[in-house]
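K.L.:
Each chain is listed here by its residues.
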Amino acid sequence: MGLLENWINKGRLKSPWVVHFDCGSCNGCDIEVLACLTPVFDVERFGIINVGNPKHADVLLVTGTVNHRNKKVLKNIYDQMPDPKAVIAIGACGTSGGVFRECYNVVGGVDQVIPVDVYVPGCPAKPDAIIDGVVTALDVVKAKLGLGEMPKVTVID
Amino acid sequence: MSRTIIPFGPQHPVLPEPLHLKLVVEDETIVEAVPALGYVHRGLETLASIRDYNQMVYIVERVCGICSCIHAMCYCQGLETMMNVEVPSRAKYLRVIWSELHRIHSHLLWLGLFADGFGFESLFMQFWKIRERVMDINEATAGNRVVISVNVVGGVRRDLDKTQQRWILDELDKLEKELRQLMKTMLDDYTVKKRTVGVGVLTAQQALQLGAVGPTLRGSGVAQDARQLGYAAFDELDFEPVTSPEGDSWARSKVRFMETLQSMDIVRQAISRLPDTELAAKVPGKPTGEVVCRVEQPRGELLYYLKGNGSKNMERVRIRTPTFANIPPLLAMLPGAQLADVPIAALTIDPCISCTER
Chain A
1 MGLLENWINK
11 GRLKSPWVVH
21 FDCGSCNGCD
31 IEVLACLTPV
41 FDVERFGIIN
51 VGNPKHADVL
61 LVTGTVNHRN
71 KKVLKNIYDQ
81 MPDPKAVIAI
91 GACGTSGGVF
101 RECYNVVGGV
111 DQVIPVDVYV
121 PGCPAKPDAI
131 IDGVVTALDV
141 VKAKLGLGEM
151 PKVTVID
Chain B
1 MSRTIIPFGP
11 QHPVLPEPLH
21 LKLVVEDETI
31 VEAVPALGYV
41 HRGLETLASI
51 RDYNQMVYIV
61 ERVCGICSCI
71 HAMCYCQGLE
81 TMMNVEVPSR
91 AKYLRVIWSE
101 LHRIHSHLLW
111 LGLFADGFGF
121 ESLFMQFWKI
131 RERVMDINEA
141 TAGNRVVISV
151 NVVGGVRRDL
161 DKTQQRWILD
171 ELDKLEKELR
181 QLMKTMLDDY
191 TVKKRTVGVG
201 VLTAQQALQL
211 GAVGPTLRGS
221 GVAQDARQLG
231 YAAFDELDFE
241 PVTSPEGDSW
251 ARSKVRFMET
261 LQSMDIVRQA
271 ISRLPDTELA
281 AKVPGKPTGE
291 VVCRVEQPRG
301 ELLYYLKGNG
311 SKNMERVRIR
321 TPTFANIPPL
331 LAMLPGAQLA
341 DVPIAALTID
351 PCISCTER
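Those sequence lines, one after another, are chains A and B.
Under UniProt numbering, the residues of the first sequence are numbered 1 to 157, in order.
Under UniProt numbering, the residues of the second sequence are numbered 1 to 358, in order.
Everything labelled a hint here was simulated from the structure, so no lab data went into it.
Among the hints, a few may not be true.
As the list claims (entries may be wrong) - When the alpha-carbon atoms are kept at most 30 Å apart in a straight line, the in silico BS3-like pairs for lysine-lysine are as follows:
1) K129(B) / K193(B)
2) K71(A) / K126(A)
3) K129(B) / K184(B)
4) K71(A) / K142(A)
5) K312(B) / K126(A)
6) K129(B) / K22(B)
7) K126(A) / K174(B)
8) K71(A) / K22(B)
9) K152(A) / K126(A)
10) K312(B) / K282(B)
11) K144(A) / K72(A)
12) K144(A) / K71(A)
13) K55(A) / K71(A)
14) K75(A) / K129(B)
15) K142(A) / K75(A)
16) K72(A) / K22(B)
17) K129(B) / K14(A)
18) K184(B) / K162(B)
19) K126(A) / K75(A)
20) K126(A) / K177(B)
21) K129(B) / K162(B)
22) K193(B) / K177(B)
23) K177(B) / K55(A)
24) K55(A) / K10(A)
25) K22(B) / K162(B)
26) K142(A) / K72(A)
27) K126(A) / K22(B)
Quantities reported herein were computed from a predicted structural model and do not represent experimental measurements.
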């Protein structure tokens, strides 16, 4: 591994950029994801920045259930992200479909469409749990780079 | 001049939600906007055939996370009218308190997003910082930050004791002081006004013709507020609809700012007059018949049509949400605007797509 690559990996793990996609959520988890960015929870102290472009992002935060119309959009966003990447499913809906799992237009959790690395259940998930989820996702990215072990717990309680 | 079509959304940095507009532009001027919906449709009404009418309270709360308490309140009020249940007056006042707290947090959230929309990130942070006080009140009184689940058919589940009431009043005083400090920046600042004044103009006549509701309507100078119907305890509280005659983005942000202060006043009134009765009435039997119930959401008037057929499942739970009513006014605002002003104009109707599509 070259010096440059070492340096890039270090930066990647110290400052993960996240992109947030609302995939049919009720907004409850969305506003909690946004609340993470604001002064009270302040994820910028971990170097986490919310970006609008998936091509700039390392971590994908998905809230809500997947439906037949937006599963293509979700797949597109996932495919546009550069490797190594991690996906976090937020909320009861993101992990399994939640209260909506019996609806006709709901495919189910995010893992029906793209591979999910970390699950953050809760309705809605609390900002502290979401921050914990992102930090766990960093360990996943680290393991994918071959620099550490895969975290044992990927469901944030 | 040749026309180009520029897509706005579904994944856009300004809106957390998938609103999709096809913008037909000539140079940088919008000629036409065509909305495309359906990215967050879940088919929530199906659940009425699986869950019984008591469990549906928790489902309708999840129509929209931001105004969840008000959705549940509307559904419960509809069922109570249908089943002739007299709600205890303390429950009515508690419903007012929690629904107004929801309005405060929703408006502060919007004011922050709006500031972010025109690129004023520190103002966004300020609004969201003071909003956390309301979230703390929600968490302390109901056990959850966003979806608070206090309403049941027949009344409320939780009570506020004397210490909690005092603490809420203290927090609201602090919040009001902090909010008033931001007033000058939000409504009087030169750069902010440059982005908001004269953008997305909607005249009073257009607003009425296109069926605008909520702050979009009141920002055009029409004093219409569903709380004037006097549901819950609103008939015993003093308030006047906030209006502003200009009809542009600035006017709509002013209406929301003033409504936040008004809601704090309503919460104070409700706490000072809180009567001492039971929390919930017994609900006998199964719902039969049909009913229409209207309440005022932070975004405007919300309408529920409920139909029961004597079984434990509802036959219809039809919801018409304020954003659905506000999309035609949005499409009327956009032609003639600059491409860079589209996010500002789209934000001023406070679009809640998960409500609209369910």
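K.L.:
Each hint: holds or not?
P.N.:
Hints, verified against the model:
1. K129(B) / K193(B): This hinted pair holds, its Cα atoms lying about 23 Å apart.
2. K71(A) / K126(A): holds, 25 Å
3. K129(B) / K184(B): holds, 17 Å
4. K71(A) / K142(A): The hint holds at about 27 Å.
5. K312(B) / K126(A): violated, 33 Å
6. K129(B) / K22(B): Violated, at about 34 Å.
7. K126(A) / K174(B): Answer holds: K126(A) to K174(B) is near 24 Å, not above 30 Å.
8. K71(A) / K22(B): Answer holds: K71(A) to K22(B) is near 20 Å, not above 30 Å.
9. K152(A) / K126(A): Roughly 22 Å between the alpha carbons, so the hint for K152(A) and K126(A) holds.
10. K312(B) / K282(B): Answer holds: K312(B) to K282(B) is near 16 Å, not above 30 Å.
11. K144(A) / K72(A): holds, 25 Å
12. K144(A) / K71(A): Roughly 25 Å separates the two Cα atoms, so the pair holds.
13. K55(A) / K71(A): holds, 18 Å
14. K75(A) / K129(B): Given that 30 Å is the threshold and the Cα spacing comes to 34 Å, the pair is violated.
15. K142(A) / K75(A): holds, 23 Å
16. K72(A) / K22(B): With Cα atoms ~18 Å apart, K72(A) and K22(B) stay inside 30 Å; holds.
17. K129(B) / K14(A): holds, 25 Å
18. K184(B) / K162(B): Cα-Cα ~35 Å, so violated.
19. K126(A) / K75(A): holds, 26 Å
20. K126(A) / K177(B): Holds, because 27 Å separates the two Cα atoms, which is no more than 30 Å.
21. K129(B) / K162(B): holds, 27 Å
22. K193(B) / K177(B): Status holds; Cα separation ~23 Å.
23. K177(B) / K55(A): violated, 42 Å
24. K55(A) / K10(A): holds, 19 Å
25. K22(B) / K162(B): The hint is violated at about 53 Å.
26. K142(A) / K72(A): holds, 28 Å
27. K126(A) / K22(B): violated, 35 Å
The structure is inconsistent with the numbered hints 5, 6, 14, 18, 23, 25 and 27, although it conforms to all the rest.
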